[in-house]
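Residue numbers (my numbering), protein chains in the order written: chain E, 2 to 203; chain Y, 2 to 203; chain L, 2 to 203; chain U, 2 to 203.
Treat the hints with caution; some may be incorrect.
Mimicking BS3-like on lysine-lysine, the simulated pairs with C-alpha atoms at most 30 Å apart in a straight line are [to be verified]: (1) L:Lys73 / U:Lys73; (2) L:Lys73 / Y:Lys73; (3) Y:Lys73 / E:Lys73; (4) U:Lys73 / E:Lys73.
Quick list of the computed label-pair ranges, beta carbon to beta carbon [what the hints assert, rightly or not]: (5) Y:His34 / U:Trp135: 32 to 38 Å; (6) U:Gly184 / E:Phe48: 24 to 30 Å; (7) Y:Leu166 / U:Gly184: 50 to 56 Å; (8) E:Gly108 / U:Trp135: 42 to 48 Å; (9) U:His34 / L:Glu193: 36 to 42 Å; (10) L:Glu193 / Y:Glu193: 39 to 45 Å; (11) U:Leu174 / Y:Thr38: 57 to 63 Å; (12) L:Ala148 / E:Gly6: 36 to 42 Å; (13) L:Ala148 / Y:Leu166: 51 to 57 Å.
To be clear about the criterion: a stretch of chain Y counts as covered by chain E if any three or more of its residues have a C-beta under 8 Å from a C-beta of chain E, and this derived list gives those stretches [what the hints assert, rightly or not]: (14) 8-14; (15) 61-67.
Because the hints were derived from the structure by calculation, they are not lab data.
All values reported here derive from a predicted model rather than from experimental measurement.
Each residue gets a CB set at the ideal place from its N, CA and C atoms; glycine is no exception.
4 protein chains.
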Amino acid sequence: MMDRGRLEAFSDGVFAVAITLLALGLTVAGPGHGTLTHQLAERWPGFVAYLISFFTIGIIWVNHHALVSNIKVVSRPLLYLNLVLLLFVVLVPFATGTVAAYLAHGGFDARVAVAVYGGTLLGMSIGFGAMLEWSLGEGRLHVPVAADRRWPARVRFTGGGVVYLAVIGIAFLSAPLALGITGAVAVYYVFERTPAITKPDD
Amino acid sequence: MMDRGRLEAFSDGVFAVAITLLALGLTVAGPGHGTLTHQLAERWPGFVAYLISFFTIGIIWVNHHALVSNIKVVSRPLLYLNLVLLLFVVLVPFATGTVAAYLAHGGFDARVAVAVYGGTLLGMSIGFGAMLEWSLGEGRLHVPVAADRRWPARVRFTGGGVVYLAVIGIAFLSAPLALGITGAVAVYYVFERTPAITKPDD
Amino acid sequence: MMDRGRLEAFSDGVFAVAITLLALGLTVAGPGHGTLTHQLAERWPGFVAYLISFFTIGIIWVNHHALVSNIKVVSRPLLYLNLVLLLFVVLVPFATGTVAAYLAHGGFDARVAVAVYGGTLLGMSIGFGAMLEWSLGEGRLHVPVAADRRWPARVRFTGGGVVYLAVIGIAFLSAPLALGITGAVAVYYVFERTPAITKPDD
Amino acid sequence: MMDRGRLEAFSDGVFAVAITLLALGLTVAGPGHGTLTHQLAERWPGFVAYLISFFTIGIIWVNHHALVSNIKVVSRPLLYLNLVLLLFVVLVPFATGTVAAYLAHGGFDARVAVAVYGGTLLGMSIGFGAMLEWSLGEGRLHVPVAADRRWPARVRFTGGGVVYLAVIGIAFLSAPLALGITGAVAVYYVFERTPAITKPDD
Numbered sequence: 002m003m004d005r006g007r008l009e010a011f012s013d014g015v016f017a018v019a020i021t022l023l024a025l026g027l028t029v030a031g032p033g034h035g036t037l038t039h040q041l042a043e044r045w046p047g048f049v050a051y052l053i054s055f056f057t058i059g060i061i062w063v064n065h066h067a068l069v070s071n072i073k074v075v076s077r078p079l080l081y082l083n084l085v086l087l088l089f090v091v092l093v094p095f096a097t098g099t100v101a102a103y104l105a106h107g108g109f110d111a112r113v114a115v116a117v118y119g120g121t122l123l124g125m126s127i128g129f130g131a132m133l134e135w136s137l138g139e140g141r142l143h144v145p146v147a148a149d150r151r152w153p154a155r156v157r158f159t160g161g162g163v164v165y166l167a168v169i170g171i172a173f174l175s176a177p178l179a180l181g182i183t184g185a186v187a188v189y190y191v192f193e194r195t196p197a198i199t200k201p202d203d
Numbered sequence: 002m003m004d005r006g007r008l009e010a011f012s013d014g015v016f017a018v019a020i021t022l023l024a025l026g027l028t029v030a031g032p033g034h035g036t037l038t039h040q041l042a043e044r045w046p047g048f049v050a051y052l053i054s055f056f057t058i059g060i061i062w063v064n065h066h067a068l069v070s071n072i073k074v075v076s077r078p079l080l081y082l083n084l085v086l087l088l089f090v091v092l093v094p095f096a097t098g099t100v101a102a103y104l105a106h107g108g109f110d111a112r113v114a115v116a117v118y119g120g121t122l123l124g125m126s127i128g129f130g131a132m133l134e135w136s137l138g139e140g141r142l143h144v145p146v147a148a149d150r151r152w153p154a155r156v157r158f159t160g161g162g163v164v165y166l167a168v169i170g171i172a173f174l175s176a177p178l179a180l181g182i183t184g185a186v187a188v189y190y191v192f193e194r195t196p197a198i199t200k201p202d203d
Numbered sequence: 002m003m004d005r006g007r008l009e010a011f012s013d014g015v016f017a018v019a020i021t022l023l024a025l026g027l028t029v030a031g032p033g034h035g036t037l038t039h040q041l042a043e044r045w046p047g048f049v050a051y052l053i054s055f056f057t058i059g060i061i062w063v064n065h066h067a068l069v070s071n072i073k074v075v076s077r078p079l080l081y082l083n084l085v086l087l088l089f090v091v092l093v094p095f096a097t098g099t100v101a102a103y104l105a106h107g108g109f110d111a112r113v114a115v116a117v118y119g120g121t122l123l124g125m126s127i128g129f130g131a132m133l134e135w136s137l138g139e140g141r142l143h144v145p146v147a148a149d150r151r152w153p154a155r156v157r158f159t160g161g162g163v164v165y166l167a168v169i170g171i172a173f174l175s176a177p178l179a180l181g182i183t184g185a186v187a188v189y190y191v192f193e194r195t196p197a198i199t200k201p202d203d
Numbered sequence: 002m003m004d005r006g007r008l009e010a011f012s013d014g015v016f017a018v019a020i021t022l023l024a025l026g027l028t029v030a031g032p033g034h035g036t037l038t039h040q041l042a043e044r045w046p047g048f049v050a051y052l053i054s055f056f057t058i059g060i061i062w063v064n065h066h067a068l069v070s071n072i073k074v075v076s077r078p079l080l081y082l083n084l085v086l087l088l089f090v091v092l093v094p095f096a097t098g099t100v101a102a103y104l105a106h107g108g109f110d111a112r113v114a115v116a117v118y119g120g121t122l123l124g125m126s127i128g129f130g131a132m133l134e135w136s137l138g139e140g141r142l143h144v145p146v147a148a149d150r151r152w153p154a155r156v157r158f159t160g161g162g163v164v165y166l167a168v169i170g171i172a173f174l175s176a177p178l179a180l181g182i183t184g185a186v187a188v189y190y191v192f193e194r195t196p197a198i199t200k201p202d203d
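Using the sequences provided together with the hints, build the complete structure.
Take a look at the structure:
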């Protein structure tokens with residue numbers, strides 16, 4: 002019913018705007034609020050959170066691309082699963098800004114902030130996993146994924162979700178540790194070498 | 002005079018930006034304004050309004066796609082009708098933010114806020130209905146819509162408009178009820194199964 | 002050196018973001034700043050300015066499309082002229098917000114605000130006119146514009162510029178009148194029927 | 002593994018949003034904060050920084066286009082190098098806003114602001130240089146760059162990086178001078194005539 006091109010164009014637009022809005026939270030208060038050096042130093046959690054969120058969205062975009070390029074027919078259910086994924090992508094700047102505002106503050110609020118952040122990334126992961134499950138259905142991919150390749154594909158694409166679930170719990174033990182784990186997930190995915198779902202034969 | 006591609010690209014851009022800006026209204030005030038848990042709980046109308054607006058814009062995008070993919074010639078009148086639709090799409094973040102700010106506050110202001118929200122969705126619906134009417138004209142669709150399929154198509158695509166008109170009135174009886182109805186419309190359209198105008202034969 | 006596709010994609014992105022950011026200025030102050038009805042009524046200049054800017058950018062987008070679709074070779078000078086046009090497109094939300102903030106306030110500030118607005122639209126018009134002049138050069142259009150059609154094309158596409166120049170002056174006599182004239186230009190262009198440069202033969 | 006089209010679409014989206022968000026920092030405080038003329042005059046550093054950043058991003062976009070159009074295979078490493086470039090593109094509105102806020106203020110803060118600005122442009126330049134280096138590898142370009150053309154290409158595309166490195170140091174001697182140099186780099190690239198990497202034969 003719909004060509005893949007516009008699904009990609011709309012999704013790319015949302016990814017691009019969300020990734021750019023991340024930096025909107027990085028503002029300094031201006032003259033009269035302490036030296037600029039001090040303000041920038043004080044905002045380090047904002048820069049760390051920006052970096053993690055930027056690459057996390059970037060990686061989801063790369064994976065989204067790989068998956069969608071292999072999908073044969075774009076149907077309504079897929080469009081709505083895609084909207085669920087984007088629903089959480091769009092929340093990432095909000096969750097990132099909340100972490101930036103509360104992390105250095107410490108205490109229970111910092112833990113809640115990182116838990117909200119982990120929950121947002123978990124939602125993104127679930128949305129992507131749902132799109133993957135749908136696409137594994139009979140006749141939906143150009144290059145089908147062999148039965149024995151499905152679990153590796155699931156682990157590769159949605160393994161992050163399990164970690165993000167753990168992050169929500171860990172946040173209540175240590176907010177910086179939990180945030181660090183989300184950063185480690187991003188680093189892992191950048192260097193990870195499992196063959197992508199687009200090329201199950203390589 | 003214009004190929005469909007750029008109409009789609011520009012519209013997709015506006016849809017993508019508008020849907021992402023929805024989340025800009027979801028900010029917390031930062032340390033020193035009560036606990037974060039309390040602030041997040043207090044902002045529940047913002048999250049509900051975000052959810053409804055996100056899927057309402059998403060559905061309009063899906064329908065826009067279905068309709069435009071069937072249009073043969075992109076003429077100036079169609080471009081301007083499309084701009085009318087986008088004029089209201091762009092207002093959705095403003096209307097959503099107004100609901101988020103006033104709903105929990107209650108009283109007459111909450112009712113006005115939801116009425117403004119309903120009016121914005123009504124405008125979007127009218128813009129889309131006008132594009133549909135234009136496209137039903139002689140020789141404008143690749144796959145023409147048979148005479149006896151036109152009313153079902155109108156009902157399917159613009160039926161929401163009648164509900165949104167009612168929402169404006171209902172808002173003055175109960176703001177939460179009126180907002181709930183706009184959410185119900187979104188849920189209905191996600192699960193609705195009427196054949197799309199792109200494939201009048203299925 | 003560059004295909005037209007990416008020039009269009011980038012320009013469409015800027016047009017789409019700028020037109021959507023227009024509505025960012027439409028915020029209400031929230032509970033505790035007078036009734037919502039009062040706040041909305043007080044913000045009428047913001048809604049009027051939003052409406053005029055929305056259709057003015059929309060019309061420039063339509064004309065940009067018509068012109069670029071007829072251009073044969075995308076060279077570096079054209080890319081930079083296009084950037085000059087976009088430089089002013091991007092300023093429109095700022096100029097619109099300034100008009101919204103000062104128009105009802107009246108006095109000299111309101112006049113300066115509308116003059117700045119007129120100047121921004123003038124810059125947009127000059128940027129577009131420069132792209133048109135460049136494209137009238139030997140061998141740059143798919144369908145060349147006959148010598149006797151060039152002046153009508155210039156008048157059609159950049160006639161608005163002369164009016165915007167006048168608007169800057171008129172703003173210092175009457176800000177609302179000058180703003181009204183920019184609205185009249187938008188209405189005129191929507192209904193205007195001069196053949197476009199893409200089809201000099203119709 | 003991925004077609005070039007979506008890399009371009011996503012990057013164009015980020016460039017377009019970042020270039021449009023530049024103007025978000027250009028707001029006036031509204032009535033009751035001095036005359037509008039005074040406020041606009043006082044904000045001159047904001048307008049200058051906007052102008053420089055707009056053309057600097059525009060030039061990087063033109064060069065990005067030229068380079069990517071010549072790339073044969075889009076692999077994962079290239080996608081991540083592209084994300085590094087975009088990471089800094091997205092920071093430009095933040096860095097520009099910081100310069101706008103502190104330049105007229107003078108003193109050490111103004112110097113830090115311009116140094117942060119230079120560092121952001123340096124990061125952009127390094128990201129672009131890394132993409133260029135990657136693409137010079139065996140079999141990665143449609144039209145290979147001859148051995149004796151590689152250094153001119155490197156100088157042309159990343160020469161700005163050396164200047165931006167110097168800008169960081171110069172900022173601590175004179176903030177306005179350092180900012181002026183970044184403006185001069187933009188002017189130089191607009192008028193520069195070295196053959197692009199897309200056409201090493203002309």
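The hints, checked one at a time:
The straight-line distance between the Cα atoms of Lys73 of chain L and Lys73 of chain U is roughly 24 Å, inside the 30 Å bound, and the hint therefore holds. With a CA separation close to 24 Å, the supplied pair Lys73 of chain L and Lys73 of chain Y stays within the 30 Å bound. The straight-line distance between the Cα atoms of Lys73 of chain Y and Lys73 of chain E is roughly 24 Å, inside the 30 Å bound, and the hint therefore holds. A distance of roughly 24 Å separates the Cα atoms of Lys73 of chain U and Lys73 of chain E; the hinted pair therefore holds under the 30 Å criterion.
For His34 of chain Y paired with Trp135 of chain U, a C-beta distance near 47 Å fails the hint of 32 to 38 Å. Look at Gly184 of chain U against Phe48 of chain E: about 26 Å separates their beta carbons, and that is inside 24 to 30 Å. The hint said 50 to 56 Å for the Cβ distance between Leu166 of chain Y and Gly184 of chain U, and at roughly 54 Å that hint holds. Take Gly108 of chain E and Trp135 of chain U: their Cβ atoms lie about 45 Å apart, and the range 42 to 48 Å holds.
At roughly 41 Å, the beta-carbon separation of His34 of chain U and Glu193 of chain L lies within the given 36 to 42 Å, and the hint holds. For Glu193 of chain L paired with Glu193 of chain Y, a C-beta distance near 40 Å keeps the hint of 39 to 45 Å intact. A C-beta distance of roughly 49 Å is found between Leu174 of chain U and Thr38 of chain Y, which places it outside the suggested range of 57 to 63 Å. For Ala148 of chain L and Gly6 of chain E, the Cβ-Cβ distance of about 40 Å falls inside the hinted range of 36 to 42 Å, so the restraint holds.
In this structure the supplied range 51 to 57 Å holds for Ala148 of chain L paired with Leu166 of chain Y, their Cβ-Cβ distance being about 54 Å. Under a criterion of three residues with beta carbons nearer than 8 Å to beta carbons of chain E, the stated coverage of the stretch 8-14 of chain Y is upheld, 4 such residues being counted. Counting residues of the stretch 61-67 of chain Y whose beta carbon lies closer than 8 Å to any beta carbon of chain E gives 4, which reaches the threshold of three, so the coverage claim holds.
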